[in-house]
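K.L.:
The primary structure of each chain is shown beneath.
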Amino acid sequence: MSLDAIPVHVINTPPAEPGLSGNALPLLREISELLRHLLETGATGTIDLSALPLTPADLEWLQDKLGEGEIAVTLQANGESTLNETACSGVWWVVHRNTQGAVTTQFIEVAWVPELVKAHPQDVKIGQESLELLISDL
Amino acid sequence: MQGPLIDTLARQGITRRTFLKYCATLASMMALPPSAGLAMAEAIAAVRRPSVIWLPFQECTGCTESITRSHSPTLEGMIFDMISLDYQETLMAAAGFQAEEALHNAMKDNMGKYLLIVDGSIPLGLDGAYSCIGGRSNLEILKEAAEGAAAIIAMGSCASFGGIPKANPNPTGAVSVSDIIKNKPIVNIPGCPPIPAVITGVLAHYLTFGTLPELDDKKRPKAFYGETIHDRCYRRPFYDQGKFAKTFDDEGARRGWCLFELGCKGPVTYNACATEKWNGGTSWPVESGHGCLGCSEPDFWDAGGFYKALSMPADPLKIASAASVAGAAAGVAISVANRAKKGAARSAHETTGLADLEK
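Here the protein sequences come in this chain order: A and B. Position in the first sequence (first residue = 1) + 79 = this note's numbering. Position in the second sequence (first residue = 1) + 1 = this note's numbering.
Bear in mind the hints are in silico, worked out from the structure with no lab data behind them. It is possible that some hints are incorrect.
What the hints assert, rightly or not - Derived Cβ-Cβ restraints for the label pairs, each shown as a range:
(1) B:Ala94 to A:Glu149: 32 to 42 Å
(2) A:Ala122 to B:His291: 47 to 57 Å
(3) A:Trp191 to B:Ile134: 48 to 58 Å
(4) A:Pro135 to B:Leu127: 34 to 44 Å
(5) A:Thr161 to B:Asp251: 40 to 50 Å
(6) A:Glu109 to B:Lys144: 23 to 33 Å
(7) B:Tyr308 to A:Ser100: 32 to 42 Å
(8) A:Glu147 to B:Asp251: 44 to 54 Å
(9) A:Lys197 to B:Val48: 16 to 26 Å
(10) B:Gln242 to A:Glu119: 26 to 36 Å
(11) B:Gly14 to A:Leu118: 33 to 43 Å
(12) B:Ala94 to A:Glu119: 33 to 43 Å
(13) A:Lys197 to B:Phe249: 29 to 39 Å
(14) A:Lys204 to B:Asp128: 55 to 65 Å
Claimed, not checked - Counterexamples of contact, computed for chain A against chain B with all Cβ distances above 10 Å:
(15) Gly101
(16) Leu107
(17) Glu139
(18) Gln142
(19) Glu147
(20) Ala151
(21) Glu164
(22) Gly169
(23) Phe186
(24) Leu195
Unchecked claim - 16 Å max Cα-Cα, derived EDC-like pairs, lysine to aspartate or glutamate:
(25) B:Lys219 to B:Asp300
(26) B:Lys185 to B:Asp250
(27) B:Lys223 to B:Glu277
(28) A:Lys204 to B:Asp8
(29) A:Lys197 to B:Glu43
(30) B:Lys114 to B:Glu145
The structure displayed is predicted, hence computed values, not measured ones. For each residue, glycine too, the CB sits at the ideal point set by N, CA and C.
Kindly generate the complete structure, drawing on both the sequences and the hints.
P.N.:
Right, dumping it as structure tokens:
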């Protein structure tokens, strides 16, 4: 049941979002560095946004600067996750939510394709086997 | 026991990606580098499930409830698939002779390798007669089970520090696990009950790295008990502004101001409630409008009253004077008020914990 179902009237609206802390700007440089690393060595990188002292306004600022890309991936796994490409190709904004829809963790992943999107060889093998079984039954 | 864990999970409909996501969240929660999530997933997926023996002593089963009654399908439930829980009286189907046999078989087969989880304190009074299982005292059972354990996890405030059974006047002579066992690695996971994610985090760390996580001086994992409730409380800005609720239904309470003067023990309580929250991240005591009881700290039951502000003397005859000090503090710089309260408390020979506040 969501809170909307309960007739609660909020008297005190939450205070206005705290402003920018100044912690978001250095992140852009770090992302740029990770991209350089990706291009040179192919090694991927991840920044754990939940572990950094970022205000909601910081996150909004960062999201605004990175922009929206062409690909948006939705993953249904114990709650919805979104793995969205930013306007900066190779930079992915990854948000994990729990089954209640609350954000559990947020990452910036610098990679050709986010790790979670890739199919695991073992899973592909299981898929192939079941397909073979299906064909043999036809 | 069986193949890799990932296959066990797959049989239960838990996909690899769900598992990867879980590990990423867990790594973040434990302040490990983001790459650790993937490493954890690979290590845990391939691991043979370690044998875990769970002994309940002088306890209320609240700790078991905390782990097993969280939302389903839970991440916490998943991690129980990562271990082979060979003995847990509350959860196991076996009883009597079969149950005791399962315990002894698990101990024999996994000698020196099993993890021992203990919830509840151990009564020493009357030769341990206050709490017996199958005619044997908790003390005797603990000593025997600890002998072959690789490590011991003291789950909850009772096992960690003695908890409520140890509260004055401690009629049963209750003590903690670390009061008895001195020669094994022990992790304390205090809380009444502890946060489910904290125990699963410790188990995941053990499965991934084969070691226990870094602990503080009270043997608590630093990743979860490194900061006080107050440090991470969303009401902290109101404390800093000197805005306090004076009663549970005044204007301040409605505006969500700091509950310090209503007895909140957040400033001296090390736990992760403010960040992990409870009931699947729904809320936590302070968010529900009640101060922190300090349930994860030693002897919290005897800390002078849940509704007494931290610095106030516990002696009721002196409350009036202390309250007037607090009243005079309104509108004055809070540090001055703290010093005054600290002085008043010191003269009443009470532990203040306020030194922790002034950083």
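K.L.:
Hint by hint, note whether the structure agrees.
P.N.:
Going down the list of hints, with the structure as the test:
no.: 1; hint: B:Ala94 to A:Glu149: 32 to 42 Å; in the structure: violated, 54 Å
no.: 2; hint: A:Ala122 to B:His291: 47 to 57 Å; in the structure: holds, 48 Å
no.: 3; hint: A:Trp191 to B:Ile134: 48 to 58 Å; in the structure: holds, 57 Å
no.: 4; hint: A:Pro135 to B:Leu127: 34 to 44 Å; in the structure: violated, 57 Å
no.: 5; hint: A:Thr161 to B:Asp251: 40 to 50 Å; in the structure: holds, 42 Å
no.: 6; hint: A:Glu109 to B:Lys144: 23 to 33 Å; in the structure: violated, 52 Å
no.: 7; hint: B:Tyr308 to A:Ser100: 32 to 42 Å; in the structure: holds, 35 Å
no.: 8; hint: A:Glu147 to B:Asp251: 44 to 54 Å; in the structure: holds, 46 Å
no.: 9; hint: A:Lys197 to B:Val48: 16 to 26 Å; in the structure: holds, 22 Å
no.: 10; hint: B:Gln242 to A:Glu119: 26 to 36 Å; in the structure: violated, 49 Å
no.: 11; hint: B:Gly14 to A:Leu118: 33 to 43 Å; in the structure: holds, 39 Å
no.: 12; hint: B:Ala94 to A:Glu119: 33 to 43 Å; in the structure: violated, 58 Å
no.: 13; hint: A:Lys197 to B:Phe249: 29 to 39 Å; in the structure: violated, 52 Å
no.: 14; hint: A:Lys204 to B:Asp128: 55 to 65 Å; in the structure: holds, 60 Å
no.: 15; hint: Gly101; in the structure: holds, 18 Å
no.: 16; hint: Leu107; in the structure: holds, 18 Å
no.: 17; hint: Glu139; in the structure: holds, 18 Å
no.: 18; hint: Gln142; in the structure: holds, 18 Å
no.: 19; hint: Glu147; in the structure: holds, 22 Å
no.: 20; hint: Ala151; in the structure: holds, 17 Å
no.: 21; hint: Glu164; in the structure: holds, 18 Å
no.: 22; hint: Gly169; in the structure: holds, 16 Å
no.: 23; hint: Phe186; in the structure: violated, 6 Å
no.: 24; hint: Leu195; in the structure: violated, 6 Å
no.: 25; hint: B:Lys219 to B:Asp300; in the structure: holds, 13 Å
no.: 26; hint: B:Lys185 to B:Asp250; in the structure: violated, 49 Å
no.: 27; hint: B:Lys223 to B:Glu277; in the structure: holds, 14 Å
no.: 28; hint: A:Lys204 to B:Asp8; in the structure: holds, 13 Å
no.: 29; hint: A:Lys197 to B:Glu43; in the structure: holds, 15 Å
no.: 30; hint: B:Lys114 to B:Glu145; in the structure: holds, 14 Å
Violated hints for the displayed structure, listed by number in ascending order: 1, 4, 6, 10, 12, 13, 23, 24 and 26.
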